[in-house]
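Chains as they are written, first to last, in our numbering: chain V, 1 to 330; chain Y, 1001 to 1330.
Derived from the structure by calculation, the hints contain no laboratory data.
From a predicted model like this one, the values you see are computed outputs, not experimental measurements.
Treat each hint with caution, since some may be false.
Each computed EDC-like pair below joins lysine to aspartate or glutamate, with the alpha-carbon atoms no more than 16 Å apart [unchecked claim]:
| no. | chain 1 | residue 1 | chain 2 | residue 2 |
| --- | --- | --- | --- | --- |
| 1 | Y | K1184 | Y | D1213 |
| 2 | V | K287 | Y | E1326 |
| 3 | Y | K1019 | Y | D1063 |
| 4 | Y | K1244 | V | E280 |
| 5 | V | K244 | Y | E1280 |
| 6 | V | K287 | Y | E1273 |
| 7 | V | K296 | Y | D1152 |
| 8 | V | K10 | V | E25 |
| 9 | V | K83 | V | E104 |
| 10 | Y | K1287 | V | D250 |
| 11 | V | K244 | Y | E1273 |
| 12 | Y | K1254 | Y | D1059 |
| 13 | V | K26 | V | D71 |
| 14 | V | K184 | V | D213 |
| 15 | Y | K1287 | V | D63 |
| 16 | Y | K1296 | V | D152 |
| 17 | Y | K1010 | Y | E1326 |
| 18 | V | K10 | V | D250 |
| 19 | Y | K1256 | Y | D1063 |
| 20 | Y | K1244 | V | D65 |
| 21 | V | K83 | V | E67 |
| 22 | Y | K1083 | Y | D1065 |
| 23 | Y | K1083 | Y | E1257 |
| 24 | Y | K1244 | V | E326 |
| 25 | V | K244 | Y | D1320 |
Number of protein chains: 2
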Amino acid sequence: MHRIPFDTIKARFTGILTKNGFSAEKAEHCARIFAENSLDGVYTHGLNRFPTFVSTIRDGLVDCDAEPVLDGNNGLIEQWDGKRGPGVLNAEICMNRAMSLAREHGIGCVALKNTNHWMRGGSYGWQAAEAGFIGICFTNTIANLPPWGGIDPRLGNNPLVIAVPRPGGHVVLDMAMSQFSFGKLMQYQSAGEELPVPGGYDQHGNLSTNAPDVISARRLLPIGFWKGSGLALMLDLLVTILSKGQSTKDISAKDKETGLSQVFICIRQDNPELNARLIEQILDYTKSSRPQDPGKAITYPGENTLRTRIRNMKEGILVDEGIWNEVLGM
Amino acid sequence: MHRIPFDTIKARFTGILTKNGFSAEKAEHCARIFAENSLDGVYTHGLNRFPTFVSTIRDGLVDCDAEPVLDGNNGLIEQWDGKRGPGVLNAEICMNRAMSLAREHGIGCVALKNTNHWMRGGSYGWQAAEAGFIGICFTNTIANLPPWGGIDPRLGNNPLVIAVPRPGGHVVLDMAMSQFSFGKLMQYQSAGEELPVPGGYDQHGNLSTNAPDVISARRLLPIGFWKGSGLALMLDLLVTILSKGQSTKDISAKDKETGLSQVFICIRQDNPELNARLIEQILDYTKSSRPQDPGKAITYPGENTLRTRIRNMKEGILVDEGIWNEVLGM
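With the rest of the complex left out, here is chain V:
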């Protein structure tokens, strides 16, 4: 692992995307989001995912020229068609549109169909918070999680993002409905490390902290057992009926994940100064709990992300050399 400057990574991504059919503007835009994901320490959805993203363009799953279009509305809720364009661009455009609606009406909601993987959902939470809005968004995915009581994947892990703007660093929760993403399990497997908490079931139906056992059984654990299973189902219902797009069932009919459905909600802040005080009180109170491990601070969602961002911007972004070399050769 060594460190590469953010601008170097972004420039490299931009060049590759331009060679693969992106306009200069879209290439730079897309490259920024991928580079920012690594900058923020979400390497699984930044550099590490970039070669896969390029292959989805080459395979024709992602249409790099497509732009989302307004397709209908349900009152103030707008329905957009992503036209199978790049998921990261579609998501950013729809969160922007939800902000415009919220600026006007207090609350804005955009449902998006026919889009592609948005990589790190948190990107769009940070985007909203950076502009001063409360942002909530969620997506469905291909089936990768068995429903509670079942053994075959029938639910997506359907990440949910909630972001609250805060002057001292936004509070941004970005959580999938599985205890660990597939990418995280692979990381633990490669490192030969035990999971810190059970991440799924082995093939005998026993809870396991052994990543290879969980991966081979394909039985990832929903957060909170039956609760995360229920929440994943509800999120798929919401994105599907609000966008009239594909459900996890439809997406899973093909081998490769494309044509996702997503929802973006923004809320305008009525009194940012008062909100900032209320948020500080809540965070201070939360952090006033005695820690389980003395010396190990209690953090709020997004706190470590910001710390990593600052360090990576200063010192360069930690890269997997194999993947970086692959990207250099693209």
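Since chain V is already given, all that's left is putting chain Y on it; use the hints.
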């Protein structure tokens, strides 16, 4: 345990509330919600909680005459003041108001401050779904859950409800952010039964399925470990800054839980027939997973509730005789 007809329980509640200062109309209304909670099998928030509710009136925590009033707005988001009235009535009124806003604008959002415990959050999800709306609501509570990495309760278990209307039985998720509610842990303790999955930590910091150990350590487990802890925090931030009401911190400054903050969101269905088909496809697909225990069906959120409701309406509601006798003596 024996069974008492729904109407008998509701009439008894109505009589007691009338004796305790409620108008005839409000007594009947409030009694219906409590009786319905037991009817649906959520005994912990129906009959079993009724004596406690009456004591909150006698203690002056709940003002049975108070009605919520519109206090401000942030665009289309309305802010209501619950005036410390009965939580179940305030919540029903605010969900109704969110429906009216959604009927007009597609989406409606009401933030409520100065309210009291809404008992079963699912009540208001069923209410929205029964009227044909998608309903989402959440509340804060007194601190009863340590934040991830901490040992002192600083978060509420902040239930989240998501309801989707469905002709064959609504899909209603009603989940607190702790793996088990305090009431559920008490049930397991009384029954001398082990929890089916870990419910918290014992005083040595080890995950435990022993309810008495978790209760005495006051270390309930957030669903999905750090994830449920983060989600509980986000829900408190949202209800507090949207309503400008009390946060979990403020509520926890007193011994008795009062003055809660809540949010109610409703979404109008643009095409109920199409939505119904999409929902059936999703549920059928989810249920097509092979079960972990052969013969044990995979259920959707709300499915068992509806089954219990039908049975309890026909055969009478299962009551704890001690509590029922207490209510008969009130």
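Exercise for the section: Sort out whether Y:E1326 lies within 16 Å of Y:K1010, counting only the CA atoms. Expected result: 15 Å, holds
Handout entry: Straight-line alpha-carbon gap Y:K1254 to Y:D1059, limit 16 Å
Key = 14 Å, holds
Exercise for the section: For the pair supplied as a hint, V:K26 and V:D71, confirm whether the alpha-carbon distance does not exceed 16 Å. Expected result: 22 Å, violated
Exercise for the section: Measure nothing beyond the straight line between the CA atoms of Y:K1256 and Y:D1063; if it is 16 Å or shorter, mark the hint as holding. Expected result: Roughly 15 Å between the alpha carbons, so the hint for Y:K1256 and Y:D1063 holds.
Problem - Proposed proximity, V:E104 with V:K83 (alpha carbon, max 16 Å) - result: The hint is violated at about 27 Å.
Exercise for the section: Starting from V:K244, check that the Cα of Y:E1273 is at most 16 Å away, please. Expected result: Given that 16 Å is the threshold and the Cα spacing comes to 12 Å, the pair holds.
Problem - 16 Å Cα cutoff - pair V:K184, V:D213 - result: 14 Å, holds
Problem - Pairwise hint evaluation, V:E25 against V:K10, where the allowed Cα distance is 16 Å at most - result: 13 Å, holds
Exercise for the section: Below or equal to 16 Å on CA atoms is what counts here, so check V:K244 against Y:D1320. Expected result: Outside the cut-off at roughly 46 Å; violated.
Practice task
Measure nothing beyond the straight line between the CA atoms of Y:K1083 and Y:E1257; if it is 16 Å or shorter, mark the hint as holding.
Solution key: Judged against 16 Å, a Cα distance of about 15 Å means the pair holds.
Practice task
Take a quick look at whether V:K244 and Y:E1280 sit within 16 Å of each other, Cα to Cα.
Solution key: 14 Å, holds
Exercise for the section: Verify the proposed pairing of V:K287 with Y:E1273, using a straight-line Cα cut of 16 Å. Expected result: 48 Å, violated
Checked against the numbered hints above, the structure violates hints 2, 6, 9, 13, 15, 18, 20, 24 and 25; every other hint is satisfied.
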